[in-house]
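**Student:** Next come the chains, spelled out residue by residue.
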Amino acid sequence: MDLSAINPVLLIASLMVAATPLLLAAIGELVVEKSGVLNLGVEGMMIIGAIAGFAITVESGSPFLGFIASAIAGALLSLLFVLLTQYAQANQVASGLALTLFGLGLSALLGQGYVGVKPPQMGKLDLPVLSDLPVVGPILFSHDPILYFAIALTAGVWAVLKYTRAGLILRAVGENHEAAHALGYKVLKIRIMAIMFGGACAGMGGAYISLIRVPQWTEGMTAGIGWIALALVVFASWKPWRALLGAYLFGGVTVVQLNLQAAGVAIPVEYLAMSPYLITILVLVILSADKSSAPASLGKNFHASR
Amino acid sequence: MNVPLLSLQGLTKAYPGVVANDTVSFDIGEGEVHALLGENGAGKSTLVKMIYGLVKPDSGQMLLKGQPYAPAEPRQARADGIAMVFQHFSLFDALNVSENIALGMENPPPMGDLASRIREVSETYGLPLDPFRTVGELSAGERQRVEIIRCLLQDPKLLIMDEPTSVLTPQEVDILFETLRKLQAEGTSILYISHKLEEIRALCDHATVLRLGKNVGECIPQDTSARDMAELMVGSTLHTPERADRDFGDIALDISGLSVPAPSAFGTALRNVHLTVRKGEVLGIGGVAGNGQDELLGVLSGETPTAADAVKLNGAPIGRLGPVARRRLGVLAAPEERLGHAAAPDMSLTENAMLTASVRQNLEKNGFLKWGEAENFAEQVIEAFDVRTPGPANAARSLSGGNLQKFVIGREVLQKPDVLVVNQPTWGVDASAAADIRQSLLDLAAGGCAVVCISQDLDELMEIADNFAALNEGRLSAPRPTKGLTVDEIGLMMGGAHGMEVAHV
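Chains as they are written, first to last, in my numbering: chain A, 1 to 306; chain B, 1 to 505.
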């Protein structure tokens, strides 16, 4: 056992990378749930984003285009959910599960030609002096742009929900759609936009896995991150900064346990592998003592006629 | 008088199978408090929805200050100076007061300014309110203040109020009226919808009466007796429930020292409740909603088990028994919430009759259900209580609120209970049907049944109860004979005005 082989600076830098897909998906789902819709299809939208981003990057040679494609793909798939739940009034839980199964299957089909291909890499931030600083440089100033984007998105979502009228209306729709309708707000329109935003975020989260974290395509490579994102939103009490905290905690424990495995610690691998899930959920359960923050209309379909 | 503020001319709105409004015309003058009266289903709600832009009329027109007025949606109505306080509050529990108010405004000022304007307006009109409190924590009276202030901040020309006093204590009603009179003095017109005729006589300048969607008459409430107005609404002579003088028998129901913790975060704990009801007695329990009424009903019906000795029937402990066992002993209950508590919304009336009456009416044998007899029983209820529905096979949800209420009360009354507990027995029921329900409760009592009537309608309790007690924050006051009790005394028993004050200025 050789713990000295673990470099804390690299550890922190890599935990941020490990956390980003989860953070993107969770922030998107947070907005969806704040509008009163429960979309369990996060995993499906992520994997579709992963293959769409991967394929476009390989074909065009531009990871930037790939990320845009992944967001579009995720949003398109979420439109299927919109069709089922907002127009056909189908059950949201069943529709979300269907979306995940559909996404996993479709991505496997689309990805057949891309197994074993290596995608072009996205450039990393390289600021003249700052990126070369010891410790701070690798942690803060040497990542890919998407990682910074995810943090900025968290801040943006937090600010919009807290300080703007658009955010207030979104929360109102999620809280009591009947009352929002009576006051003259367009419940369906607002929800559809929220669902598509969630789809785009999940798609980008998926592409982050296939383009940056792992850089390759394998079937089912999102490996349950979408489900963790769903749990994260609940345990984060629908608060963006807590979602960030939870995502980084999950990323951190994932990276630490991988390092511990590599260092040959005498704990069975299975325990190490389950530790990120256990610790993240445990911490967030303790944090989420105030259950009252769940949007009151969450998961309920809305009929304008009633 | 010159041009009226709002003039309705021949408004008609038909829904499949029913004409909700049939060529309704009347005028509302500037600075006038206009009452809109009518039974359930008379078309009052549809009419105000048309004025507020939620529903479009099929024909007819409205004139606002002489100009044609046809709002396509509530925003437009608000922009034209029409504001509405809803019967079922349109508030968001998880948001705070100023956020709720901002959502109801077209161009809200920044939050900081809004909060200070809320404070200003709320103090001017004697409706104190903290802009940063979460609405979910507020009492019903405070929630209504939020709705009223939301309207006032937009300087409305016409304020529509749909049954605003049903959730208030008498003192709170007085203060609300002060606020409304002050608004009236400032030139705001008010369209006031209520069942409570005495209130209308105290407040309104003019009244329009609707019956079956038609305008059947107008009157000056100050010069018309409540009885005449009620008869105009109903279209026939109204009979007042008669209370025969009777002697009470032995103590039937006895609760002593009962304390129950709150069932949920938004529930109320019952604290050291004592009550006794004798055979043939009607005990009225008043109080503002949310002070433990639902919890008390749960304890009496058997939904909430208690210590065995806390609840006694004819001296025998029944605190541990569930609802079915209590029904077998003759203790029946009809809860307040019609859809989901008193009745299963998506099940037919026959099935709903089966659910509570199977024990006492012998509707099951060896675990098999006797559907034929259940249907007969449901038909009996429909017949005896004039429930308007095509038949017992219809789903409970398809009945109007008042009709379903008649069914759920009738279903218990016809089972010949020894003890009957009802919560809000005539909630949302029109005057003549309410009189029938009250009469049936009095008839039960005359036959020796002990009746506990929990209600927020004080007139109702005065009419039928022999003794009156009030629930306030889970505590039950000592019962007092209803005879000679004044409204002020009752208000104080109910906990006074909850920190309200009369309008300044």
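If you're looking for bench data, these hints aren't it; they were derived computationally from the structure. Since the structure is predicted, the reported quantities are computational estimates derived from the model, not experimental observations. One thing to keep in mind: the hints can contain errors.
Said to hold, decoys possible - Here are the in silico distance ranges between beta carbons for each label pair: (1) A:V283 / B:N394: 50 to 58 angstroms; (2) A:S293 / B:Q222: 38 to 46 angstroms; (3) A:K186 / B:R320: 47 to 55 angstroms; (4) A:Y148 / B:S398: 33 to 41 angstroms.
Virtual Cβ for every residue (Gly too), placed ideally from N, Cα, C.
**Student:** If a hint holds in the structure, say so; if it doesn't, say that too.
**Tutor:** Here is how each hint holds up against the structure:
1. A:V283 / B:N394: 50 to 58 angstroms: 53 angstroms, holds
2. A:S293 / B:Q222: 38 to 46 angstroms: Given about 51 angstroms between the Cβ atoms, the range is violated.
3. A:K186 / B:R320: 47 to 55 angstroms: For K186 (chain A) and R320 (chain B) the Cβ distance comes to about 53 angstroms; the hint holds.
4. A:Y148 / B:S398: 33 to 41 angstroms: 57 angstroms Cβ-Cβ, so the 33 to 41 angstroms window is violated.
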